[in-house]
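Counting from 1, position 307 in the sequence shown corresponds to residue 307 in my numbering; the numbering is continuous, with no gaps.
Derived from the structure by calculation, the hints contain no laboratory data.
For every residue, glycine included, the Cβ atom is placed at its ideal position computed from N, Cα and C.
Just so you know, not all the hints are guaranteed correct.
Straight-line alpha carbon distances no greater than 27 Å define the calculated DSSO-like cross-link-like pairs of lysine-lysine that follow [claimed, not checked]:
| id | residue 1 | residue 2 |
| --- | --- | --- |
| 1 | Lys677 | Lys436 |
| 2 | Lys51 | Lys65 |
| 3 | Lys690 | Lys677 |
| 4 | Lys170 | Lys157 |
| 5 | Lys160 | Lys170 |
DEER-style ranges, computed between Cβ atoms [said to hold, decoys possible]:
| id | residue 1 | residue 2 | range |
| --- | --- | --- | --- |
| 6 | Gly843 | Arg812 | 25 to 35 Å |
| 7 | Ala148 | Gly843 | 45 to 55 Å |
| 8 | Gly242 | Arg537 | 38 to 48 Å |
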Amino acid sequence: MQTSPDRHEYPAHWEADVVLRDGGTARIRPITVDDAERLVSFYEQVSDESKYYRFFAPYPRLSAKDVHRFTHHDFVDRVGLAATVGGEFIATVRYDRIGADGMPASAPADEAEVAFLVQDAHQGRGVASALLEHIAAVARERGIRRFAAEVLPANTKMIKVFTDAGYTQKRSFEDGVVRLEFDLEPTDRSLAVQRAREQRAEARSVRRLLVPGSVAVVGAGRAPGGVGRSILDNIRDAGFTGALYAVNKALPEDVKELDGVPAHRSVRDIDGPVDLAVVAVPAEHVPEAVTECGEHGVQGLVVVSAGYAESGPEGRERQRELVRRARTYGMRIIGPNAFGIINTSSEVRLNASLAPEMPRPGRIGLFAQSGAIGIALLSRLQRRGGGVTGVTGVSTFVSSGNRADVSGNDVIQYWYDDPDTDVVLMYLESIGNPRKFTRLARRTAAAKPLVVVQGAGSAPQGHAVRATRLPHATVSALLGQAGLIRVDTITELVDAGLLLARQPLPAGPRVAILGNSESLGLLTYDACLSEGLRPLRPLDLTTGASAEDFHQALLRALGDDACDAVVVTAIPAIGEGSPGDAELAEALRSAAESVPGKPVLVVHVELGGLAEALSAATSTAPQPDTTATATRRLRPSQQLPPPARAQEPPAPAGCSRLIPAYPAAERAVRALGEAVKYAQWRRDSADPGKVPEYEDIDEKGAARLIGRMLARGQGLTLGTEDTCELLGQYGIPVRRAVPAFTPDDAVRAAESLGYPVALKATAPHLRHRADLGGVRLDLADEEQLRRTYAELTELFGKPEELRPVVQGMAPRGVDTVVRAVIDPAAGAVLSFGLAGAASQLLGDMAHRLVPVTDREAASLVRSIRTAPLLFGWRGSTPVDTPALEELLLRVSRLVDDHPEVVAVTLEPVVVAPRGLTVLGASVRLAPPPARDDLGPRTLPVY
1 MQTSPDRHEY PAHWEADVVL RDGGTARIRP ITVDDAERLV SFYEQVSDES KYYRFFAPYP
61 RLSAKDVHRF THHDFVDRVG LAATVGGEFI ATVRYDRIGA DGMPASAPAD EAEVAFLVQD
121 AHQGRGVASA LLEHIAAVAR ERGIRRFAAE VLPANTKMIK VFTDAGYTQK RSFEDGVVRL
181 EFDLEPTDRS LAVQRAREQR AEARSVRRLL VPGSVAVVGA GRAPGGVGRS ILDNIRDAGF
241 TGALYAVNKA LPEDVKELDG VPAHRSVRDI DGPVDLAVVA VPAEHVPEAV TECGEHGVQG
301 LVVVSAGYAE SGPEGRERQR ELVRRARTYG MRIIGPNAFG IINTSSEVRL NASLAPEMPR
361 PGRIGLFAQS GAIGIALLSR LQRRGGGVTG VTGVSTFVSS GNRADVSGND VIQYWYDDPD
421 TDVVLMYLES IGNPRKFTRL ARRTAAAKPL VVVQGAGSAP QGHAVRATRL PHATVSALLG
481 QAGLIRVDTI TELVDAGLLL ARQPLPAGPR VAILGNSESL GLLTYDACLS EGLRPLRPLD
541 LTTGASAEDF HQALLRALGD DACDAVVVTA IPAIGEGSPG DAELAEALRS AAESVPGKPV
601 LVVHVELGGL AEALSAATST APQPDTTATA TRRLRPSQQL PPPARAQEPP APAGCSRLIP
661 AYPAAERAVR ALGEAVKYAQ WRRDSADPGK VPEYEDIDEK GAARLIGRML ARGQGLTLGT
721 EDTCELLGQY GIPVRRAVPA FTPDDAVRAA ESLGYPVALK ATAPHLRHRA DLGGVRLDLA
781 DEEQLRRTYA ELTELFGKPE ELRPVVQGMA PRGVDTVVRA VIDPAAGAVL SFGLAGAASQ
841 LLGDMAHRLV PVTDREAASL VRSIRTAPLL FGWRGSTPVD TPALEELLLR VSRLVDDHPE
901 VVAVTLEPVV VAPRGLTVLG ASVRLAPPPA RDDLGPRTLP VY
């Protein structure tokens, strides 16, 4: 069936940049009539074998009819997508809608035939898998529920693409052809496959930046100084293990090196591959440099040049063009306006940053959007003595600048399974995609600690990302539920990171305190109470305590089953028998090694020597490379090659471990408190609960209702009857409220409902405002009802202004409120609190991401500060919290099953000792987004 190619407008929202399996990028977009020449050129580069697999016969070239068919689509029943690199096709996919007889058809037919063709040079890069994700999303959007594909048995690669996708499928074999049929409804397995592919691809794209085999610095000046030359010197002086090149188009023809580094006028002149280019030229010259890098096959860019989105509208457009140009060549970008990147691994030793010295190697991954904050974090981690001591160093460091392309999400994907990183520290000025960030944080936090401080930044410069409408505190709470350790300052960020990097997680909140100062011990005790910990009585060893006294006391504390962590307090002691710093540090370390399962922290006062001794490297800690320091600023010809050194593994249980020292009790205890909460989250996340199935939920019936309701308009707030009908499909009854525009209407309503009744004004300014007198309860007969009706109209105005309703009385209980909202960035969020001042004035609401499990529903009810009112506070009767938890789960299911439900409010929900009653409800519907974060993999749009 042929249809006009302009049957549907060009679907620009189908365009997407994606990261492929090897870390490179490609652009996916619809195929149009303007692509005829590209299609022919693409087909000419496909091998005869691949053509045979596609058409089941020798097919050396496309006819004019073929070209017309494959480039003219109606974007509904016939759709073609292409993956492009450098503007040229590297793969195509198309579907054609078919009917039950296998012939071309239109809706309501919901099946389509799908076929792929991938250029041989790009096979194995995951191009077909990415195209399948996108064509499946397009098909679902156009009402297609099932794909069919016919594949030759020898085409094992394509069969694997389909079978590995995770969809529910059926396979048959007939006439020498394998026929695969699979439903397009996402399954748990298909989503898991998609997320795993996303992680691998994005991690590899970052690895290509952090572990390059060769680096070119574009814009390295001839004379020392300047940004480009400084970075070139920093890379050389750090002992980079790969090939290093200097590039500057202003170099004279006879200049072949800069201070011993091979120099070229263009990246194109380099004889050999370049994995990473550091671009440090003025913004107006960056496009030329990016083009040269792309044509030479450079895999990634670090752009330190300024003059982009941070400089205004022109800079924002310049930044968008930079990203578009880089992605055209399959390159990813860190920056622009970036401070740079560092990898301390002995196999790489890359300092492609403005930091003049390589940080000490260690187990902490560090991310900062701001260069200034990055410098501060590196300095604090490097410093020994005076403040928090540097008990470990950095594995990798990324300063993303304007974060135009590579973001914190990408780097988390890399650190998730990076064997050299045990702890992740991040300074974020903003979170551009909270929904994805939360998902990645939850997975990463289950494997290693993720500590974040979020500044008061705005949306990422130049990004076209969805902005959250949720309050900052709500977003923070949701991140905490994902296992994120969120702190308020970079000092707390380092404090927590140093503890988590080398100490085991505490098994609980019980803290032993010992030391040679009673007052410092009491300060630590009070700090523990403030952090919600359970401190034991401090043990005062007196100022005359020896190193052996500390050793024995720490051994006893660690061996006490009533203790989960130990804080040692120490002040300078004067006297002939007083322990030296090194002696005391060794006594504490040896005791900690004897009982390795509990964390130990030290609070010291003016003991710089002790702090350094505690943080001194031992046999299991990465050693600083003194060779690099000794040879700094020497020409390569004068330098000796750095000795081969394997990256040290994390200290295993039973081996020597480093003890963090803090200059104040509050800082040590705050870090310990975060570790306790994180450890509890790890234990809880091992059994997150389940999303219950309720037999009385009619999901299909609700879908039909929603479809009919949305047919009336693009978005609407449902009326009372529609709201009750939709909620009823999910087993959520709403107590009937009968409008009463006259006293006689009120009496008739009361007689039908049965006395006693309530009379309520539902005007917006009086709704849920019993304190204003707009709600009258327990009206026992007609006389009371008529008198009350007259009082309301006298006080507040005419009935048409009051909108009075009559409602049957519900059993007495605690008034609560349940809300669910679809936030553009964070996704579906379920909220709970007590109705009235508690939630409105004090903001005492708790939140969970949808879908909510049974354990999360129980914790949600108990998370608000006023929760004791539900559990028999001051002798009151406890209410039916299991019924409340079930209501929360049903609302969660409703918004999770139907993305068209964008807001639900149940207020008030009266929770009685037995059962509950929903007295008021509102629901808002809107068409679902064409694409969301549950859809196919995409990079941010610019």
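Consistency of the hints with the structure:
The suggested pairing of Lys677 with Lys436 holds, with an alpha-carbon distance near 23 Å, which does not exceed 27 Å. Only pairs whose Cα atoms come within 27 Å are accepted, and Lys51 paired with Lys65 is accepted, the gap being roughly 17 Å. Annotation: proposed proximity of Lys690 to Lys677 holds, straight-line Cα distance about 22 Å (limit 27 Å). This hinted pair checks out: Lys170 and Lys157 have alpha carbons roughly 18 Å apart, not beyond 27 Å.
Distance hint between Lys160 and Lys170 is fulfilled; the C-alpha atoms sit about 14 Å from each other, no more than 27 Å. Between Gly843 and Arg812 the beta carbons are some 26 Å apart, a value that agrees with the proposed interval 25 to 35 Å. Hint check: Ala148 to Gly843, Cβ distance near 53 Å, so the stated range 45 to 55 Å holds. For the hinted restraint 38 to 48 Å between Gly242 and Arg537, the CB-CB distance of approximately 58 Å leaves it violated.
Violated hint for the displayed structure: number 8, the only one.
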